[in-house]
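Residue numbers (the working numbering), protein chains in the order written: chain A, 1 to 529; chain B, 530 to 782.
I should point out that these hints are in silico values taken from the structure, not numbers from a laboratory. Since the model is a prediction, treat every value here as computed from it, not as a measurement. Ideal placement from N, C-alpha and C gives every residue a C-beta, glycine not left out. Do not rely on the hints blindly, as some may be mistaken.
Stretch by stretch, here's where chain A covers chain B in the computed footprint (C-beta under 8 Å, at least three residues) [what the hints assert, rightly or not]:
{"#": "1", "segment": "594-603"}
{"#": "2", "segment": "613-627"}
{"#": "3", "segment": "757-764"}
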Amino acid sequence: MHTRENVYDLGSDWADPVLWYARGVKAMKAKALADPTGWHFYAGIHGYLRFLWDFHGITNPADAAPLAADMATYFDQCQHQSWFFLPWHRGYLFALERQIKHEIALLGGPHETWALPYWNYVEAGRSAVPPAFRTPDWPDGIGNNPLFIAQRWGVLATGPDPDFERRVNLNPMTDREFSGPGNGGSTGFGGRPTGFNWTGGDNGGAEWQPHNILHVLIGGSHPTDFLPPPNDTIAVPGLMSLPQTAGLDPIFYLHHCNIDRLWESWNRFPAGKVAINPNDWRNPSGANWQDGPASTGDRAFAMPNTDGTRWDFVPRDIERLADLDYAYADLTPGGVAPISDPMAVRVANLGLSQPAAMAGGVAMATETTVELVGSVGGSLKLSGDGATRRTMRLDPPAASRLTNSLSVGNAISGLPDRAFLNLENVRSRSDAVLFEVHIGSADDPDGASRQFAGTVSLFGTTLASDPDGGHAGNGITHVLEITDVMDRLHLGGAVGIEALDVVLTPVGVISEAAAVEIGNISLYRQSEG
Amino acid sequence: MMDCLRLQVTTRLALFAASGVAWAILFGGSAIISAPALCTGRMILDLPSGAEIRFVFAQIAPDALAASWAFMLVAMMVPLLDGPLRHVRARSLSRDRYRNMWSFVGGYLAVWFLAGVPLIASAVAIRIVVVDPALAFILAAAVAAGWQAAGWKRVALNRCHSRPSLAGKGAAAIYGVRHGLACLIGCAPLMIAALLASAVPTVVMAVAALWIWAERIEPPRAPGTGPIWPRRAARVAFHRVKMLFGLRGAVSP
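Chain A with its partners taken away, still in its complex shape (with noise of 0.2 Å):
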């Protein structure tokens, strides 16, 4: 059993696991791009777009591309807006970790020890990259350093993010399911149902916060070169900020490192916390994820063995971590540990009695209803560095069943509502760019009653936005869960009843080039009871 360790508690920046890493990097960057044990290789499996790459110069337009039978089998896997997003990239994680070690015993260095560190940037002053991947020299001050990527254009790349604490947030670890029930309620912990998805649909809870949002704060944009034509108006995007070039990055792996740790996290830690429901804080047992995509006919998840054969995987093989024989050294989510039971503190919190359905812990099965509460009612574009504001219209029989739910005396007799904002059908042509939502009541033209609603990252998006492409343009559905934000919002008495105010603003400058288009804003809520 090999523990994987917090990079930042390593006892110094060139600690010996992330030296090892770094020659066990080097020693796969060397290899040929279709070699299936090389770092391209393996970058490839996530995403591949060889004329970026051959942009950027990390390939040559002259290397002979892998063979079409292993890009069929291994290339553009990453699974995204999917259940099968951790599952997926804790495959991944595993057989590169396994593929560096191989480096490390040819290397004649401690390969049976040495475990991928994790990056937990949610801790307090630890948001910036680590050191080692900033320099691009080594520790004997020689450059070339292998873990150093001059395409780091986002704020995490030179320092800590000032706006991190309210820009990253670990609120999905609080979300009891899974796999929620979508239709624009919750998509749960780990995403909603699909089968083999490259990209395109709903982001699941983790994936939204912290995953998206570390991507672009890592990767980031030119600030003044754009992309060969016919996408010369987009700005050059960072490798973090895009699923093909993602890969390529090394610190790609500590940052799914920390994901893979917070999903173990979010199976058993604290020992003993609330469950509601008998799932809660568990993976789905149906077959239709137990046993991968290739159970309902979609490819089957595939990477390479050390000696280049091929390891077929499905979730219910890396499901526990012993059978993978690795542990994490901490998996406490962030700084602090988190709450044991958040429901009961919410329900204090508006004041009400603890229902029925919490009495004693495990409680009944409950009935969930997702129902649209109200929308703004059309599509907008963002552009630009200003805010755009738009009014949400609800509707009254909706917003009064959600109102009621949270108020003292009501007759609701199971849980509090949850309340969650659709951002539909987002397309884009660039990746690299961030925004922030607020909401307030409308009735405030000043915006005092405004709330922070979250932080949205384009990730992926470019891919998903092609009408005739591979995802039918469909984009990307943002689902923000602002439970706590309504709960603010009407203990401070400013839920209306008739609408609510959206206001998005971008991080940085989103250019009219980007073209990024939001279907429609839209409040739903959530019944549990």
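Got chain A; can you put chain B on it based on the hints?
Structure of chain B alone, referenced to chain A:
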């Protein structure tokens, strides 16, 4: 049971029930309801070769033709509406759900129903020009097979996976029309071939419906040409057989 799971089950049951009734009527024909043979293809086959269009409608009552076409649509196409209908429901206020779902279905079926005029006319024209019924079917089937490899076919299939936002009045009906158009572009040649089946036409229709379902569950893919094979349906069937016989063992890394 969760509301969404119940929705999925009830929607599918309703769609398959409607389709099942239509199939029963198509297979049973006049034995089930008091009407002439209800299979559109059979009606066309009954035409004497070389007949004029005016003569066609002397042989086939337009209302029976319209009814048979409607049954054919309900039987073959309605089961495909499960996903879009759940999308419409999810994006509707609770008091508008059923109205919007019916609007979607109305828009979708309106496109297909009106398309019956040129599609049936095409089948009749082929039947008149090509004297041999078997040859007429082979010709239409060849065109349908060629269409399988066309770039537009792939674009149309991709657009059948569209799940747009539904803001504004009439959005559900417009979505139904657009979905119907995409479906029509993708399937029209196959429908003409089904209309010209010379032997067991209702069985041919059922096979065509199965094919349309199988290619519809294929994931969308990048534009291009080349045949689209129902790989997912084949793999699902293969996997189910393997599971049935317990052929999948544990896989270790």
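Problem - Structure versus earlier hints - violations, ascending order - result: 1
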